[in-house]
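Following the hints, put chain W in place on chain L, whose structure we already have.
Now for the letters of each chain:
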Amino acid sequence: MIGALLLAGLGAVAAGGVLCGTRGTVRAGLVLQAAGSAGIGVAGFWVLATGAALGPGFTSALEPRVGVDGLSGTFLGTLGLVAAPALVFASRYLRPGAANRLVGGLTAVFLLVLALVLCARDPLTLLFGWEAMTLLPAVVILVAHRGDQQARRTVFTYLTITHLGGVGTWVAVLLLAGEGAIGSPGVIEPGSVTQGVIAVAALVGMGTKAGVMPLHVWLPRAHPMAPAPVSALMSGVMIKIAVYALVRVLVEWLGVLPVWFGVLTLAVGALSALGGVTYAIFQHELKRLLALHSIENIGIIVLGLGACLVLRSRGADALAAFALAASLLHTVNHAVFKALLFLGAGAFERATGTLELDRLGGLLRRMPWTGAAFLVGAMAIAGLPPLNGFASEWATLQALLHLPAVGGVGDGLAGAFALAALASTAALALLCFAKVVGLVLLGPVRSGSDEHPVTEVAPPMVGATAVLALACVVLGIVPGPLFGALTDLAPWPAGSPAGSSAGLGLDLPGTGSLPTAGIALVLVALVAGLVLLRGRRSAAPAPSWACGQVVGPELNWTGAGFSKPLRLVLEVVLRPQREIAVRSQGGVLQEVTYHGRVPQVIDERVYRPLVRRSVELAGYVRRMQSGSLGTYVAYLIAVTVVLLGAVRTGVIG
Amino acid sequence: MNAGLVWVLVGLGFAVVTLQRRSLAVGLVTVQALVLAAVAFADARGPHDLLAAVALVVRGLGLAAFFLLVIARTRDPRLVRAIVPPLRRVALAIALALMLGWLIPSIGLVSRDAERGVLTLVACGLVLAATSRATVFQVLGVVLVENGLALAALELPGTSWLIEVGVAVDLTLVAVVAGVFHERIFTEFGAGDTDALRSLRD
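Going down the list, the sequences are from chains L and W.
Each residue of the first sequence is one higher than the one before, starting from 16 at the first, in the numbering used here.
Each residue of the second sequence is one higher than the one before, starting from 370 at the first, in the numbering used here.
Extracted from the complex, chain L is given alone in its bound form:
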């Protein structure tokens, strides 16, 4: 039954993709893809809930085979949960035209490839799916921005970084296959050099795809370039597939890893979480800001994974299972609220024609449904109770709190730093989304005109965001069933504290339970009480005093103004750049223009010098390229002779 549902879902996605190729049936094709995705999602969560496994198990042999188990089911479920509303949204978001027909068809292929990676049960299928998963978004971006130089440059950066980093994935998977360890944990000796090499290679390769710092540079460039529903799929699902691969390799196939690797993972997670949110605060473009928040949330997920690895290496299996579940719960939650936010951004772009924060405003009044859904997503990503972001961040925090209890001073220090990073990240995320909500949803309207007023988008687009907002609420109020099932995914007998006995809330080891539904009820009661207390009184707006000037739009809050206090505090680290031009005439000030940016330190200090040196080196190498065919043949002869000489003298072989 589950298998039939999964196959039907995949078939519907494929059929939807074919329909998108025909003029006049693009919408139908996208809706069919959405229905298929929903089927895939239901089948995935069904597998997770029942603990059933479909198809054969993993093999290290290069024999293509596919199957589904609980972990694959979790990610297939997430895929369905995100893709179904995103595709319904796309059915009205994508404007008619040849390019968007192609985008619709490519989306189907992208979904099938994502499902293939999750269902792959051998190294060959896994690596094939992995490479296709990397290439397809690049094609979508190029099709959507045909002839755009900026898009080409972005795609070049994306492909370069993900392919260079992707070497790590190949090394990890092929070494695992060579050792016969795919699907056979315990084959590789714990603490061996091979185990360490595979673990580091996986963290680099899969971490690049996930967007962890400092391998993240492609993400804030590529995600905003894609059409909004594809951005939702990339941020909501694609980078989570990298998390899936990391869990498979680090938690399942490599057995118990040494403590140093767990601490390294914690450090990478902390850097990503803090770095992502810090740079997000200073962004002026909504989708780029959201993309940087993906780095932050991947950091939180990796923090949970790091806690799991350290706890497992210390023999605290039950707590390790809890940490793994926290990490996976945040993976699902981030997929949902990030997809919601990207779709919301897409709706705002359609309605206003811009995503510049300083040109948006008052959208909660003009687009009440989309605005309200976006507000839910913003609260969820900021980690506010009772939404899903709070539930998983709280569980991650609990997992980190247990690190000092099971290990020595080193573990305690690592745990303390990770806790501080997570707490700071949560605070900064709240600051960032206070800015976003304040600038975009509240305040005066700053876009549109009398002829073209900003209005609510089409009902399917509103419905898609509403469904995801509802999912944020449900996963926040009732995280227990999912969390319990995720705890059972640990590939070791955990005796888990929050296993199948989990209730509706979160069962937290050592600190009792967190009744999330109760918290929600209290919050609702408090809000209702405040509303009742207010009675019929309403806010009394008064004109702002601006030293006698007329209060115009130019005096409104800007993103730069909102984040300035933090920028001043972090000036030494961030090195912000600004340019002020003053134009005066006859001693009277006419115009002041201000341009400010916060360059990414890793871009400026690591990648830019690296690229410069590489180009210089390429210049030297280029001298070998004479343009003469004879010279190239001579090179071939020389290489062959040198290799033969090496064999003859015993250097090789």
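Because the hints were derived from the structure by calculation, they are not lab data.
All values derive from a computational prediction rather than experimental measurement.
Here a beta-carbon is modelled for each residue, glycine too, at the ideal position from N, C-alpha and C.
Among the clues, some could well be false.
Listed next, the stretches of chain W that the computed footprint assigns to chain L, with coverage defined by at least 3 CB atoms under 8 Å from CB atoms of chain L [as the list claims (entries may be wrong)]:
1. 461-473
2. 495-507
Partial selection, computed: residues in chain L whose CB lies under 7 Å from chain W [said to hold, decoys possible]:
3. G642
4. L644
5. G645
6. V648
7. A649
8. I652
9. L659
10. R663
Relative to chain L, chain W alone:
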């Protein structure tokens, strides 16, 4: 294979290296292929060996016809001189053949003469391709190398047909692509001279 025949093939190879006229070089390379085909027919012990011989004849004559057609369509106004003078090319080919002989003591063939002949033909082909400017000569260098491989294949009874058919397909592809490029170069620059391509380098 008879040692004398091997050295006839090698002699033809060296002769191609010294030539400057394209049609003459095509003729000698074709003669080489036909000698190989004749040996293949003479030694044939079954349908597979016959297939190998037929493949040699077909590709020898087919390539000759193709090259002559290309040459007829692209008459060079003047001779395209090689980068290195003929005698020095021969010296280079001998040096490379000796070096290969030292580097590869054995390639597993029954006849020692055939092994030396194979390596010498490969060396002649590589030197011809590396030191020529005329596109046709560069392709003929590849054909010489492949003739060397064909000679090796004839010394491996039972599997030679696979190699000969493979070589024939390879060479047809190489020749067609090279022919198209040659015509294009000729149209653009007025001569089948690969040195003219240097001007395209940015």
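Each hint tested on the structure:
1. 461-473: That given contact holds, which follows from 6 residues of the segment 461-473 of chain W lying within Cβ reach (below 8 Å) of chain L.
2. 495-507: holds (count 7)
3. G642: holds (4 Å)
4. L644: With a minimum Cβ separation of about 5 Å from chain W (threshold 7 Å), the hint on L644(L) holds.
5. G645: Holds, about 5 Å.
6. V648: holds (4 Å)
7. A649: holds (5 Å)
8. I652: holds (5 Å)
9. L659: Interface hint status for L659(L): holds (4 Å vs cutoff 7 Å).
10. R663: Holds: closest Cβ of chain W sits about 5 Å from R663(L), inside 7 Å.
In this structure, every one of the numbered hints holds.
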